[in-house]
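**Q** Read off the chains here:
2 protein chains.
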Amino acid sequence: LFQLYFIYERVLTSLAEESHRQDSANLLIFIILLTLTILTIWLFKHRRFRFLHETGLAMIYGLFVGIILRFGVHLPQDLNDITLTCAMNSSPTTILVNVSGRFYEYSLKGEVRDSKGHDVPNAEMLRKVTFDPEVFFNILLPPIIFHAGYSLKRRHFFRNLGSILSYAFVGTVTSCFVTGLVMYGCVVFLKVIGQLGGDFFFTDCLFFGAIVSATDPVTVLAIFNELKVDVDLYALLFGESVLNDAVAIVLSSSIVAYQPEGDNRHTFDGSALLKSLGVFLGVFSGSFAMGAATGVMTALVTKFTKLRDFPLLETALFFLMSWSTFLLAEACGFTGVVAVLFCGITQAHYTYNNLSAESKSRSKQLFELLDFLAENFIFSYMGLTLFSFQHHVFNPLFVIGAFLAIFLGRAANIYPLSFLLNLGRKNKIASNFQHVMMFSGLRGAMTFALSIRDTATYARQMMFSTTLLIVFFTVWQIMSYSLAFYNRLHYLCCLVFSLLLKVTAPDGMTQKSTKHESAWPFRLWYTFDHNYLKPFLTHSGPPLTSTLPACCGPIARCLTSSQAYENAGQLHDEDTELILNDDSSLMYSDMTVSTDAHGMPTPSTSQAGLYSLARTSDDPLDRELVFGGTRLVLPTDDPSDPLTSFPPPPPSPPLSDPLRHRV
Amino acid sequence: LFQLYFIYERVLTSLAEESHRQDSANLLIFIILLTLTILTIWLFKHRRFRFLHETGLAMIYGLFVGIILRFGVHLPQDLNDITLTCAMNSSPTTILVNVSGRFYEYSLKGEVRDSKGHDVPNAEMLRKVTFDPEVFFNILLPPIIFHAGYSLKRRHFFRNLGSILSYAFVGTVTSCFVTGLVMYGCVVFLKVIGQLGGDFFFTDCLFFGAIVSATDPVTVLAIFNELKVDVDLYALLFGESVLNDAVAIVLSSSIVAYQPEGDNRHTFDGSALLKSLGVFLGVFSGSFAMGAATGVMTALVTKFTKLRDFPLLETALFFLMSWSTFLLAEACGFTGVVAVLFCGITQAHYTYNNLSAESKSRSKQLFELLDFLAENFIFSYMGLTLFSFQHHVFNPLFVIGAFLAIFLGRAANIYPLSFLLNLGRKNKIASNFQHVMMFSGLRGAMTFALSIRDTATYARQMMFSTTLLIVFFTVWQIMSYSLAFYNRLHYLCCLVFSLLLKVTAPDGMTQKSTKHESAWPFRLWYTFDHNYLKPFLTHSGPPLTSTLPACCGPIARCLTSSQAYENAGQLHDEDTELILNDDSSLMYSDMTVSTDAHGMPTPSTSQAGLYSLARTSDDPLDRELVFGGTRLVLPTDDPSDPLTSFPPPPPSPPLSDPLRHRV
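Heads up: the protein sequence lines correspond to chains A and B, in order. Just so we're aligned, residue 1 is where the first sequence starts under my numbering, counting upward by one. Just so we're aligned, residue 1 is where the second sequence starts under my numbering, counting upward by one.
Derived from the structure by calculation, the hints contain no laboratory data. If you're wondering where the values come from, they're calculated on a predicted model, not measured in any experiment. Among the clues, some could well be false.
Identical copies carry no separate label here, and so any pair may be met within one copy or between two of them.
[Said to hold, decoys possible] Result set (EDC-like, lysine to aspartate or glutamate): computed pairs, CA atoms no more than 20 Å apart in a straight line:
#1 Lys45 / Glu358
#2 Lys45 / Asp309
#3 Lys426 / Asp232
#4 Lys364 / Asp309
#5 Lys360 / Asp132
#6 Lys275 / Asp309
#7 Lys306 / Glu358
Generate coordinates for the entire structure from the input sequences, incorporating the hints supplied.
**A** Printed below as a string of structure tokens:
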């Protein structure tokens, strides 16, 4: 039975009000941080002073504020809260307190480490600044992930879907296990030499493997936005990083859900692992189905109502339906963030085509803004946490082990899988592509959010501190890439990239992957999507009356809008058309690849490439980067292309280089 | 000393997770409600089926869901929460619970009325659907109020500023006291006949007076959007209803802050009242200053940086600065909602001019969407509360008394004040205007939010239930107005309005209030604003070099942008120009008023007016409403005009009526 008695108490005046004021002040700190970040980003963009990426900026400002809060401010001991300390054997979510006949409800906020709370100055305030990690999962991550899904509407993504799914699923699981095993070795070693200050089980190692296997689309975007690499490489990397976030979330929660209890935690339990796998598949497919279902529903609603006459209503509906996916999935016990991702992809693929022009721009701008704010908020919070979080466990050996494990895990993901995929792919993934993918596996917001979610045990605290360092390293890496453009300080970094891309570049890039090069399940899917799904859910594509068999005539006529007939001749769907069309000149008409006269790069052109990387002039040709004699211009015709969204690229002038030819 | 022991306990499996799933499900209910509302609004708009206003719809859906949750769903008794009930002498905000050496923090959620909780079925679930009322104040109201302020950028608002301020301040305070006194009489009567089930003090009556004195800009907008009345009347009504929300908030919190304690509550305490007045003035001016300051800061930042080259950054900054006003005011102990209102007005008046075209539309669309969602959320929540709130106290006599008190309070606000204002105004407020203002004082979202904020005592619960009925009555009134357009069911309602406007319409409308007709403090302000503030904060207006004395030359040159010189000749600020310009033909060039040949309406034209009110044809002339022979077309040239924002009005054709003349 429970035992409950007082240990400690304090007196106060106006309780809820004071707490509300403090909450406002804390939030205000973040708003001011974000405002500062925005102004500095502008200043840097304005002065073409590109040595720092915006996420890095947000983080650095967060760091400064963390230092100030920790060491600079000395608040008088806060006497405004009555704190009753009671001792009992359980921590329920809700307790009812009877105050002279009236009942008050209290809800669990979380664990407080130290009951005395006096060892760290400003402990009270720091604890308040470090707010509920569930905020990340329920408020900040959904818009980021939705936006990533919503910007995935790229023909190149769907063309490489098979490889992307392989990397995201098989690759991430492999990476998780390899990282987990290496970490377990590291932990055993630490225990032997007596450097481990608490329990660290095998499931903890696997959990760590799962959270650090989530590579970040934000950082990938940030780097490749600057590097302007091949569209297929970009699609592979971006697609993988978006999907493996989803995989990592579900994987980590499956590991937590079925970790063996008590003494069994030390041993490897095969049946629990299988159970985890079942949970993983169930949760993933459930979340996927839910996201896709809401997307399809929105597409149907926007197609069959004439909501497009009222853009405000349309945008509101679009926003609410997308949000409801998250809530629906969470309410059913699936993963909201994963559902939101697939909802975003479905919305971009179908619903987007039904929206009015105004709603298209409204919804894009809205999600762009939310994404921008949420992302910068997370990064400034990361900076702040380094000093405001009070239970950091930094273990140098563990950190070194973690970096090694991540490196090995990523290698175990990319190389064997690329080898296997290349057996089936006609459009081979060149080895230089593989190296780039290997080194672009950076960790960001998702890894942070997953690691801060639970910091109750010693193992989790050590993981959190280590993860924070890993993410900081990622941001440093972004900075160094950006630096490389500006002042050639990180010459080496560019040299590596350009060398990686140089040798076999024409191999990997000039090959066309048409319908006949895709694997048959995907060809089947394309055909089905193009002939039935798109016409059913949107006004584009061939009318259903022409694609469905004659017996379904009445249904087809009922489902086909008059616009579809009008569009039938002229307005084909670009994505699928380009995939289904064998005319390679159409497919690459917007991509200019130039090699030298011999089709092979020379050392001198490689130097030219580096020079071109380092330029920051007003020359519009600056956008085309020359990697080892191969000049690439990324196509930017897709309206939801994340590359074109911010800032607008200067128009490309007509090119007159005699060596350049259209492929 | 505290005494604490267990009364009750329950066992559970996964605590936080289950609670999170329930929260998601509850929020999902609201999202589905809003989605349904949007679809129905569209259906009604599409079918030109205008008998129900959108807020009414949201409320009715809320009512249905409330009934279903209350009577339709029978959940098994929820065994998933451990609920510990402890008895002690105080209800602190935070308690620490010691569970075998670990400390967990619990925070106060609120009072639970009945510890048994079994008398109402689904009590647990209903309590969870009825979420924290502070959400209204911190999340839902700010965007609504900001949007109201942001749409106030109307020359007519500033032209009538003096009268608006008088109605908002003097009028609202008068109304509060009159209503409070009438209610006190009612309460004393109820006590005498033994119908009062608990304490009800004089301060409670005053508090009730304050909260029901907030007339709702939303409902005013909704009605006058349809009625298309005179712009000055509209400005007076809308301006008053926006500002008196602010006054009512501050007034009610001042009354609560300084209500006499204990036995003194029965008596009238003059010094406490004076203290309240001091608090009122302090809080109001503080909030005003804070809102204006952030607005001015945003204007300066957007003027002197070239942030307009990056619309995303600009919009993000605009959004964050506006939000920071709220937090800043709350953190300093002022009222966030009031600060946000003045911030909105300042942003519209200055910052809006500095924004890039894309940011202008982005920010407008963003706040429009937020306003739309928040407003519909509040109204569906209102509907839900009627059944989900478990402590309703409906007292028929009190309700009747309340309606009478509101009526008298509103009359005491409008008539004496209009009489006094007319002594000073050259552009008199006609008596029909006064009647319209009297009957347009509808109560909406703000009254609801203020009354739900505290429902701890018997008096507050009775107030809340009564307020809910008052707001329902308001929505019914809107519905009846809308109905009147459609099927002439509420013929009478229109007749009253058209008669009110008929008699002296040309008197009230054809008078021009130019610079010379405004009171001198406002003339002074206009001149100062036009010559110094606008040029300082924006790129428009005359360059400071021409308005500042010669000795300030260097500063003026430094603060004047090159654009200002370019604009100096051509792009005058419309607001102030029209006020300062004596050419009345310019001022009313966009307003067409027609009377019959004798300048007086006849019974037959009055009938024609009603007919025109009831029409729903495609005829673009439908927008012009004929009140008693006076045809009015509202000017819609202002880009931030709330009337034009939703839905877009059809273009007016050239008019050829020989009787029509330009005034």
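**Q** If a hint holds in the structure, say so; if it does not, say that too.
**A** Hint-by-hint comparison with the structure:
In this assembly of identical chains, Lys45 and Glu358 lie within 20 Å of each other by CA distance solely across copies; the values are 18 Å between and 28 Å within a copy. For the homomeric pair Lys45 and Asp309, the shortest alpha-carbon distance between copies (10 Å) is at most 20 Å, but the shortest distance inside one copy (38 Å) is not. Proximity of Lys426 and Asp232 under a CA criterion of 20 Å is satisfied intra-copy only: 14 Å inside one chain copy versus 73 Å between copies. With identical chains, the CA atoms of Lys364 and Asp309 are at most 20 Å apart both within one copy (18 Å) and between copies (18 Å).
Neither within a single protomer nor between protomers do Lys360 and Asp132 lie at most 20 Å apart by alpha-carbon distance, with minima of 34 Å and 35 Å respectively. Taking identical chains as interchangeable, the C-alpha atoms of Lys275 and Asp309 are never at most 20 Å apart, the minima being 50 Å within one chain and 54 Å between chains. Proximity of Lys306 to Glu358 under the C-alpha cut-off of 20 Å is restricted to the intra-copy arrangement: shortest distance 14 Å within a copy versus 26 Å between copies.
Violated hints for the displayed structure, listed by number in ascending order: 5, 6.
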